[in-house]
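Peer 1: As a plain string of letters, each chain reads:
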Amino acid sequence: MANILVQKLTKSFGDNLALSEIDLAIPNGSFVVLLGPTGAGKTTLLRLISGLERPDSGRVFIDDTDCSGQTPAERNVAMVFQQYSLYPHMSVRENLAFPLKSRMLSVTESEINQKIETIAQTLRIDHKLSNKSTELSGGEMQRVAIGRALVRNPNIYLMDEPLSSLDAKLRSELRVELTRIQRDIGGTFLYVTHDQIEAMTMATHIGVLEKGKLIQFGTPKEVYDDPSSVSVAARLGQPRINILDASVFPGSPKKAKLIGFRPEQLELGGGGLDTFVKRVERLGDQTRLHLSLGELSIVTVTDPHTDLKAGDSLSIKPKDPFFFDSDGKRI
Amino acid sequence: MSFSVTAPSPRTKLISGLIVGLYALVTLAPLLWIIATGFKSGQDSIHYPPKVLFEPTMEGYVNLFTTRTRIPSDQPPKDTTSMTWYEEIVYKKGEIIAEPSKYGERFLNSTVIGFGSTALCMFLGTIAAYAFSRFKVPLKDDLLFFILSTRMMPPIAVAIPIFLMFKNLGLNDTYFGMIMLYTAVNLSLSVWLLKGFMDEIPVEYEEAALIDGYTRFEAFIKVVLPQAITGIASTAIFCLIFAWNEYAFAVLLTSGDAQTAPPFIPTIIGVSGKDWPAVAAGATLFLVPVMVFTVLLRKHLLRGITFGAIRK
Numbered sequence: 000m001a002n003i004l005v006q007k008l009t010k011s012f013g014d015n016l017a018l019s020e021i022d023l024a025i026p027n028g029s030f031v032v033l034l035g036p037t038g039a040g041k042t043t044l045l046r047l048i049s050g051l052e053r054p055d056s057g058r059v060f061i062d063d064t065d066c067s068g069q070t071p072a073e074r075n076v077a078m079v080f081q082q083y084s085l086y087p088h089m090s091v092r093e094n095l096a097f098p099l100k101s102r103m104l105s106v107t108e109s110e111i112n113q114k115i116e117t118i119a120q121t122l123r124i125d126h127k128l129s130n131k132s133t134e135l136s137g138g139e140m141q142r143v144a145i146g147r148a149l150v151r152n153p154n155i156y157l158m159d160e161p162l163s164s165l166d167a168k169l170r171s172e173l174r175v176e177l178t179r180i181q182r183d184i185g186g187t188f189l190y191v192t193h194d195q196i197e198a199m200t201m202a203t204h205i206g207v208l209e210k211g212k213l214i215q216f217g218t219p220k221e222v223y224d225d226p227s228s229v230s231v232a233a234r235l236g237q238p239r240i241n242i243l244d245a246s247v248f249p250g251s252p253k254k255a256k257l258i259g260f261r262p263e264q265l266e267l268g269g270g271g272l273d274t275f276v277k278r279v280e281r282l283g284d285q286t287r288l289h290l291s292l293g294e295l296s297i298v299t300v301t302d303p304h305t306d307l308k309a310g311d312s313l314s315i316k317p318k319d320p321f322f323f324d325s326d327g328k329r330i
Numbered sequence: 000m001s002f003s004v005t006a007p008s009p010r011t012k013l014i015s016g017l018i019v020g021l022y023a024l025v026t027l028a029p030l031l032w033i034i035a036t037g038f039k040s041g042q043d044s045i046h047y048p049p050k051v052l053f054e055p056t057m058e059g060y061v062n063l064f065t066t067r068t069r070i071p072s073d074q075p076p077k078d079t080t081s082m083t084w085y086e087e088i089v090y091k092k093g094e095i096i097a098e099p100s101k102y103g104e105r106f107l108n109s110t111v112i113g114f115g116s117t118a119l120c121m122f123l124g125t126i127a128a129y130a131f132s133r134f135k136v137p138l139k140d141d142l143l144f145f146i147l148s149t150r151m152m153p154p155i156a157v158a159i160p161i162f163l164m165f166k167n168l169g170l171n172d173t174y175f176g177m178i179m180l181y182t183a184v185n186l187s188l189s190v191w192l193l194k195g196f197m198d199e200i201p202v203e204y205e206e207a208a209l210i211d212g213y214t215r216f217e218a219f220i221k222v223v224l225p226q227a228i229t230g231i232a233s234t235a236i237f238c239l240i241f242a243w244n245e246y247a248f249a250v251l252l253t254s255g256d257a258q259t260a261p262p263f264i265p266t267i268i269g270v271s272g273k274d275w276p277a278v279a280a281g282a283t284l285f286l287v288p289v290m291v292f293t294v295l296l297r298k299h300l301l302r303g304i305t306f307g308a309i310r311k
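First to last, the protein sequences are chains A and B. Residues 0 to 330 in numbering that gives the first Met the number 0 are what the first sequence lists, from first letter to last. Residues 0 to 311 in numbering that gives the first Met the number 0 are what the second sequence lists, from first letter to last.
Treat each hint with caution, since some may be false.
To be verified - Straight-line alpha carbon distances no greater than 20 angstroms define the calculated DMTMM-like cross-link-like pairs of lysine to aspartate or glutamate that follow:
| # | chain 1 | residue 1 | chain 2 | residue 2 |
| --- | --- | --- | --- | --- |
| 1 | B | Lys221 | A | Asp55 |
| 2 | B | Lys135 | A | Asp55 |
| 3 | A | Lys100 | B | Glu217 |
| 4 | A | Lys100 | B | Glu206 |
| 5 | B | Lys221 | A | Glu108 |
| 6 | A | Lys212 | A | Asp166 |
| 7 | B | Lys135 | A | Asp14 |
| 8 | B | Lys221 | A | Glu73 |
What the hints assert, rightly or not - Some chain A residues flagged as far from chain B (calculated, every beta-carbon gap over 10 angstroms):
| # | residue |
| --- | --- |
| 9 | Leu4 |
| 10 | Pro71 |
| 11 | Ala77 |
| 12 | Ser84 |
| 13 | Arg147 |
| 14 | Ser171 |
| 15 | Lys210 |
| 16 | Gly217 |
| 17 | Tyr223 |
| 18 | Asp273 |
| 19 | Lys277 |
| 20 | Val279 |
| 21 | Ser291 |
| 22 | Leu313 |
Claimed, not checked - Restraint ranges, calculated between C-beta atoms of paired labels, are given here:
| # | chain 1 | residue 1 | chain 2 | residue 2 | range |
| --- | --- | --- | --- | --- | --- |
| 23 | B | Ile18 | A | Glu176 | 54 to 64 angstroms |
| 24 | A | Arg53 | B | Val19 | 46 to 56 angstroms |
| 25 | B | Thr293 | A | Ser129 | 28 to 38 angstroms |
| 26 | A | Thr107 | B | Arg215 | 21 to 31 angstroms |
| 27 | A | Ser129 | B | Leu123 | 31 to 41 angstroms |
No lab work stands behind these hints: they were computed from the structure. Here a beta-carbon is modelled for each residue, glycine too, at the ideal position from N, C-alpha and C.
So that you can see chain A by itself, here it is in the shape it has in the complex:
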């Protein structure tokens, strides 16, 4: 386990600037989730930290050691690849044992077996240990890939959307399980996901990447409650935040170009602007209302047992909304 420090990391592929001057400090034992649209540079950042890719400039420190010239093996990092990358000529057991058999570690055969059994039980693949790795379903492969990272005790675990191809039930179970493992071993995790629930529940810190830049870094609560820009605000929240022209609602600050309010940041029926209910979606634990304000659409949540129905009119008033300037920056 270690502190990771990323300093002014820049990487481009041809004319394509993948990362530009990223500064990031990952404290020992933290669970950092990277969020960002496709192509934002999340995977590149993981690969640069792992040593699979060399940066154009900038440095990576692991526990104050500059590891710029080090191989992935020397950095002692574990990584779960997005496309699993299980060794196809090996069984599940051999796949899990492979990292432990490296010359970098000297693990005895009985220790290896014990570790494999434990991890396999945790990830519920113990009945598949003797299968060939090509004879697994996508979800099982992904769990073996996670297991191959977890059998070790590396400086940092790098995970590139490790739960993405699991079904919803297994996903939520493993989400809890991974969090428990991380707290138990005190491991440092850098975790890429598109899943909002994973980000909010697992992370101790969230970093939002966009176009190769780290645009916000903080605790999940900070990032959700205090987004630094429109794109950060739009990244989290389900249903998504409503972004409208600031002039729609009276009382906006002068410089504000856009106003943003999450579904729950809306006072319903207490005066303000009048809207029509376009559609009512009852999800069970909550009810979503799709409102139309002239040409504009607004989504909000309300009491699950609401009597509102399509065609009703409803007045709305944002409470403590976010305002953004013309560059999308928070005011």
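Could you slot chain B onto chain A? The hints should help.
Peer 2: For chain B alone, coordinates are given in the frame of chain A:
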């Protein structure tokens, strides 16, 4: 019966079976003829019209492995019961065995040179193909084209320069010289074929191995090679078949110690000119190692031949 859009109908199966059977007959007939000739007597082998049914004899095989002289006319008749079976065959034709022939040695030479050059070719080809497939090599495309261009003319076109070079370097009639020559000829093919196979192996596996605490070389040995085995096996068969069957260079560059079987077999001469049963027997035995090698690697070969057709 289940209905399937993709499975061939019985009629299609019958027609394609007939075509394949006919083709097999045409290609295998000469082979069967050679095998049969090996078991014919000298007269039967040149009988006209050719005999399909004949009395099999081991004469050809005995002649292949021995050199013989006529029994001197003043020698008293011998008792055939104390003779071995092959001495008896020779004796009945009025000959006695003088010494073993050179066929065994030539066969061994072929084995050393054929398998030696194949092994060397696979070793060099695999690492070269890996490098071309994975690393940034300056002028990669030009180099690959240059390597391929060495196959654009028949190797025998450079026979005279090679002959002179071998003569000056003292490589004539040596194992080393022949192994180097066949390796050089085969290397371009093996680099090209193997590069295709290496390109098919996703680089992610090596990256995973690097992360798992292995060096690049260890990753190559433990992760890339096991997956490249199909390609290596089928390429090895192509290389071996060429080196094993090569005739022109062998005639030109070997005559004694390192002579391979192909130039030796046609020189087998019996008492009355060409000894066709012995020649056929030599050719038959000569087929065996390549056949065994191919059968052993068969399951890999099938995919090797169709590779490229199924690339994602």
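Peer 1: Taking the hints in turn, state whether each one holds.
Peer 2: A quick look at each hint next to the structure:
For the suggested pair B:Lys221 and A:Asp55, the alpha carbons sit about 31 angstroms apart, so the restraint of at most 20 angstroms is broken. Pair hint B:Lys135 plus A:Asp55 holds up; C-alpha atoms about 17 angstroms apart against a cutoff of 20 angstroms. Between A:Lys100 and B:Glu217 the alpha-carbon distance is near 12 angstroms, which keeps this suggested pair within the 20 angstroms criterion. Restraint check: the Cα-Cα separation between A:Lys100 and B:Glu206 comes to about 16 angstroms, which is no more than 20 angstroms; the hinted pair holds.
Using a Cα cut-off of 20 angstroms, the hinted pair B:Lys221 and A:Glu108 holds, with the two alpha carbons roughly 19 angstroms apart. As the CA atoms of A:Lys212 and A:Asp166 are separated by approximately 32 angstroms, the hinted pair breaks the 20 angstroms bound. For the given pair, B:Lys135 sits about 18 angstroms from A:Asp14 by alpha-carbon distance, which is consistent with the 20 angstroms threshold. About 19 angstroms separates the Cα atoms of B:Lys221 and A:Glu73, which keeps this hinted pair within 20 angstroms; it holds.
The non-interface label for A:Leu4 is consistent with chain B: the shortest C-beta to C-beta separation is roughly 20 angstroms, beyond 10 angstroms. In this structure A:Pro71 is not separated from chain B by more than 10 angstroms, as the shortest Cβ-Cβ distance comes to only about 4 angstroms. Distance check on A:Ala77: its Cβ comes as close as 7 angstroms (rounded) to a Cβ of chain B, failing to clear the 10 angstroms threshold; non-interface status is violated. Distance check for A:Ser84 against chain B: the nearest CB is about 4 angstroms away, which does not clear 10 angstroms, and the non-interface claim fails.
Its beta-carbon lying about 7 angstroms from the closest one in chain B, A:Arg147 breaks the requirement of being farther than 10 angstroms from that chain. Listed as outside the interface, A:Ser171 is consistent with that label: its C-beta sits roughly 27 angstroms from the nearest C-beta of chain B, beyond the 10 angstroms cut-off. The Cβ of A:Lys210 lies farther than 10 angstroms from every Cβ of chain B, with a closest approach of about 25 angstroms, so its non-interface assignment holds. Even its closest Cβ contact with chain B, about 29 angstroms, leaves A:Gly217 beyond 10 angstroms, as expected for a residue assigned away from the interface.
Every CB of chain B is more than 10 angstroms from the CB of A:Tyr223 (nearest about 32 angstroms), matching its label as outside the interface. Against chain B, the non-interface label of A:Asp273 holds: every CB pair exceeds 10 angstroms, the least being about 56 angstroms. No Cβ of chain B approaches the Cβ of A:Lys277 within 10 angstroms, the least distance being about 45 angstroms, so the stated non-interface status holds. For A:Val279, the non-interface assignment is confirmed: its Cβ lies about 46 angstroms from the closest Cβ of chain B, beyond the 10 angstroms cut-off.
Under the 10 angstroms C-beta cut-off, the non-interface status given to A:Ser291 relative to chain B holds; the minimum distance is some 47 angstroms. Against chain B, the non-interface label of A:Leu313 holds: every CB pair exceeds 10 angstroms, the least being about 52 angstroms. Restraint check, B:Ile18 to A:Glu176: a C-beta distance of roughly 59 angstroms satisfies the suggested window 54 to 64 angstroms. For the pair A:Arg53 and B:Val19, the supplied restraint of 46 to 56 angstroms holds, since their beta-carbon distance comes to about 54 angstroms.
For the hinted restraint 28 to 38 angstroms between B:Thr293 and A:Ser129, the CB-CB distance of approximately 33 angstroms keeps it satisfied. In this structure the supplied range 21 to 31 angstroms holds for A:Thr107 paired with B:Arg215, their Cβ-Cβ distance being about 27 angstroms. Between A:Ser129 and B:Leu123 the CB atoms are about 37 angstroms apart, so this pair conforms to the stated range of 31 to 41 angstroms.
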